[in-house]
Amino acid sequence: MDLLGLYNYWIVILLMMMGFYVVIASGHLVKKLIGLNLFQASVFILYISMGTVEGGAAPILRSGVGVFSNPLPHVLILTAIVVGVATTALGLALVVRIKEAYGSAEEEDIHRQDDSL
Amino acid sequence: MIEVVTVILFGMLAVTAIAAIRLHDLFAVVMMFSIYSLLAAAVFVAMDAVDVAFTEAAVGVGISTVLMLATIGLVGRHEKRPAHRPGLPLAVVTLTGMVLVYGTLDMPRFGDPLAPIHQHVAPHYLQDSPVEIGIPNAVTGVLASYRGYDTLGELTVIFTAGIGVLALLGIRRRKRGES
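If you're matching them up, the sequences are chains A and B in order. Offset between the first sequence (1-based) and the working numbering: plus 38. Offset between the second sequence (1-based) and the working numbering: plus 280.
The shape of chain A in the complex, shown without the other chains (with noise of 0.2 Å):
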């Protein structure tokens, strides 16, 4: 079993789970979102190597290549890039709200002021 055509999708899984740490870990509501973030383009890295074929090229579709690497993963990403942008813009702008609210973006003051309510 050639487990070695397998390190690529482990080192993203490892990449992966350190965005997902800083996720669940930090307190910080924008530190929160990096890890989000840091997730998400790992993710985009675990679709692109999907569709990458040994040996390929770039698909941009030119005479003397006769190999390219599949450009449906690529479509995907792009349009999960510009919605990430669009996602996280909408998180920050939360958080600005809830800091204006609660008088901090600390994720255990929020809790705090929640239950002495």
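Careful: at least some of the hints might be erroneous.
Said to hold, decoys possible - Chain A stretches covered by chain B per the calculated footprint, using a threshold of three residues with CB under 8 Å from any CB of chain B:
1) 51 to 64
2) 70 to 76
3) 83 to 97
4) 121 to 131
It is worth saying that the hints were derived from the structure and are not from the lab. Glycine included, C-beta positions come from ideal geometry on N, C-alpha and C.
Add chain B to chain A, keeping to what the hints say.
This is chain B only, laid out in the frame that chain A set:
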């Protein structure tokens, strides 16, 4: 050769992510995220995804970083040290990672030209898009024509997010101006 470049880039990505975990100054964390996105763009070039690479370099590195810097300018740049121990998050992350690794075991190997993903619509795109669409860049052809509705949906999402940001930040300012 290209494998060596990819492995080095992956190593740098991992170091950047670890630095982002360990730092508590949010300005430095945002810079680490920016470097991470730029390295990811380099990985995309090494994996033949040039369109994705320059979109990531422009949007992921540029716009995301500016948005995050603007936010930490408003909410403050220092993170408090977390009071709880990192044991539980670490356990959750390790478990999730192991499940995901188990899930990759029956994936096609990296670069395998016979993988199912390369057998479905991709050959059609690669062979017929110069005739049907008339431009050499297959990614643009698929994005703007074969999957044009996807792009329309993407615009809907961006529009909705823009309305959301305006609703959260814009209207409140006007009220303060009136009072």
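| Given coverage of the region 51 to 64 of chain A by chain B, tested with a Cβ cutoff of 8 Å and a minimum of 3 residues | Held - the region 51 to 64 of chain A has 13 residues with a Cβ nearer than 8 Å to chain B, which meets the minimum of three.
| said: Just to make sure I understand the rule, a stretch counts as covered if three or more of its residues have a C-beta closer than 8 Å to a C-beta of the chain. Does the region 121 to 131 of chain A meet that for chain B? | reply: Per the Cβ count (10), the hint holds.
| Annotated coverage of the region 70 to 76 of chain A by chain B, confirmed only when three residues or more have a Cβ within 8 Å | Per the Cβ count (5), the hint holds.
| field | Per-stretch coverage check for the region 83 to 97 of chain A, three Cβ contacts closer than 8 Å to chain B | value | holds (count 13)
When the structure is compared with the earlier hints, no violation turns up for any of them.
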